[in-house]
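Residue numbers (this note's numbering): 19 to 316.
If you are wondering where the hints come from, they were derived from the structure by calculation, not from laboratory data.
Be aware that one or more of the hints could be misleading.
[Unchecked claim] Listed next, with one range per pair, are the computed distances between beta-carbon atoms:
#, residue 1, residue 2, range
1, H21, W254, 21 to 29 Å
2, V282, A161, 29 to 37 Å
3, W28, I224, 22 to 30 Å
4, K120, G247, 44 to 52 Å
5, F76, H206, 34 to 42 Å
6, L255, L109, 19 to 27 Å
7, F122, Y52, 19 to 27 Å
8, A161, W136, 50 to 58 Å
9, W136, W28, 35 to 43 Å
10, K120, Y52, 30 to 38 Å
[Said to hold, decoys possible] Below are the DSS-like pairs computed for lysine-lysine, each with C-alpha atoms no more than 30 Å apart in a straight line:
#, residue 1, residue 2
11, K232, K120
12, K194, K120
13, K232, K54
14, K120, K54
15, K210, K194
These numbers come from a predicted model, not from an experiment.
Think of the CB as a built atom: it goes at the ideal place given N, C-alpha and C, for glycine as much as any other residue.
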Amino acid sequence: MLHAQTMWGWPIAWYLFLAGVSAGTYIVAAFWQYAKKQNYLVKIGIYLTAPCLGLSIFLLWIDLGQRFKFPYAFLRPHESWISIGAWLLTLFFILVAIQWLKQFFARKQEQTPDYPGWVWVAGVILAFLTAIYTGILLGVAQAIPFWNTPLLPVLFLVSALSTGIGAVMLMAVIFKKKQAADIEEGFHLMAKADVGMIIFEILCIIFYLYFMAKSGVAASASAAMIVSGPLAVIFWLCFAVLGLILPLIMELNSLQGSTVKINVTQTAVMSVCLLIGGLALRYIILAAGIYESVSPFL
Numbered sequence: 019m020l021h022a023q024t025m026w027g028w029p030i031a032w033y034l035f036l037a038g039v040s041a042g043t044y045i046v047a048a049f050w051q052y053a054k055k056q057n058y059l060v061k062i063g064i065y066l067t068a069p070c071l072g073l074s075i076f077l078l079w080i081d082l083g084q085r086f087k088f089p090y091a092f093l094r095p096h097e098s099w100i101s102i103g104a105w106l107l108t109l110f111f112i113l114v115a116i117q118w119l120k121q122f123f124a125r126k127q128e129q130t131p132d133y134p135g136w137v138w139v140a141g142v143i144l145a146f147l148t149a150i151y152t153g154i155l156l157g158v159a160q161a162i163p164f165w166n167t168p169l170l171p172v173l174f175l176v177s178a179l180s181t182g183i184g185a186v187m188l189m190a191v192i193f194k195k196k197q198a199a200d201i202e203e204g205f206h207l208m209a210k211a212d213v214g215m216i217i218f219e220i221l222c223i224i225f226y227l228y229f230m231a232k233s234g235v236a237a238s239a240s241a242a243m244i245v246s247g248p249l250a251v252i253f254w255l256c257f258a259v260l261g262l263i264l265p266l267i268m269e270l271n272s273l274q275g276s277t278v279k280i281n282v283t284q285t286a287v288m289s290v291c292l293l294i295g296g297l298a299l300r301y302i303i304l305a306a307g308i309y310e311s312v313s314p315f316l
């Protein structure tokens with residue numbers, strides 16, 4: 019008899035989601051830093067990355083059954099992906115926390131603080147690894163075929179970039195200042211990038227569910243659980259409609275015309291929808307994890 023895993027629920031979904039958002043916001047900040055413009059968006063990206071990543075690590079620690087043994091994960095970094103992830107997230111957090119503190123104490127300056135080039139390069143590498151790691155972590159669970167696919171890290175990476183863009187845009191319109199009126203150009207470019215991300219994410223989820231449906235009994239049951247089973251409402255409403263289709267339509271609409279003008283309400287709604295979709299994606303992937311039977315009689 020097939021049965022779904024119940025150990026990893028909403029806390030781990032939030033952990034995966036926040037880790038992805040932190041990776042995405044840092045990459046957005048690094049892009050604008052490299053472009054030598056949109057300092058306001060660079061600051062927002064850094065301000066978001068550190069707390070999101072810190073909360074992600076905290077949720078992972080809370081969800082572990084033996085919390086006081088969490089430090090042991092650092093002593094044997096080659097024995098499990100949990101240990102590798104602990105090192106990865108910690109190194110990323112230390113680097114981002116230093117940038118966050120330096121930026122905070124220099125917050126009255128219009129320009130962002132200067133960092134050596136290697137800091138941004140290291141941060142981007144750690145951000146990409148963090149986004150991909152969240153998919154690899156699930157893939158090592160051999161007993162759940164639905165997670166054993168190279169498409170999952172790719173899907174989580176694209177989702178991380180999209181939700182990172184959404185988080186930066188949301189905070190930018192909430193805390194927008196008069197002197198930051200030139201961020202319209204940045205929003206225009208991020209909307210273009212996110213349109214591509216959403217289209218690619220749609221293709222990824224279609225291929226993912228299709229190949230899983232054509233795989234073994236457990237994997238096909240997981241796909242059915244998402245598309246037409248108990249997870250269908252979350253999948254179609256929260257992920258497909260709110261997280262993909264609606265933001266795609268709104269971003270395409272905002273790109274019409276020769277002038278670039280920010281609609282605060284539309285941007286806020288679109289950004290929130292992107293974040294809802296990112297969280298919903300991770301939850302349904304976790305909740306649909308069905309164990310493969312070890313015997314034909316089970």
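These are the hints, each one checked on the structure:
1. H21 x W254: 21 to 29 Å: With Cβ atoms ~24 Å apart, the hint holds.
2. V282 x A161: 29 to 37 Å: violated (47 Å)
3. W28 x I224: 22 to 30 Å: Holds: the Cβ-Cβ distance is about 26 Å, inside 22 to 30 Å.
4. K120 x G247: 44 to 52 Å: holds (49 Å)
5. F76 x H206: 34 to 42 Å: Distance hint for F76, H206 holds at roughly 35 Å.
6. L255 x L109: 19 to 27 Å: Cβ of L255 to Cβ of L109: about 37 Å, so the range 19 to 27 Å is violated.
7. F122 x Y52: 19 to 27 Å: holds (22 Å)
8. A161 x W136: 50 to 58 Å: Roughly 41 Å apart at Cβ, these two residues miss the hinted range, so it is violated.
9. W136 x W28: 35 to 43 Å: holds (38 Å)
10. K120 x Y52: 30 to 38 Å: At roughly 18 Å between Cβ atoms, Y52 and K120 fall outside 30 to 38 Å, so the hint is violated.
11. K232 x K120: Distance of about 51 Å is beyond 30 Å: violated.
12. K194 x K120: holds (21 Å)
13. K232 x K54: violated (47 Å)
14. K120 x K54: holds (19 Å)
15. K210 x K194: holds (21 Å)
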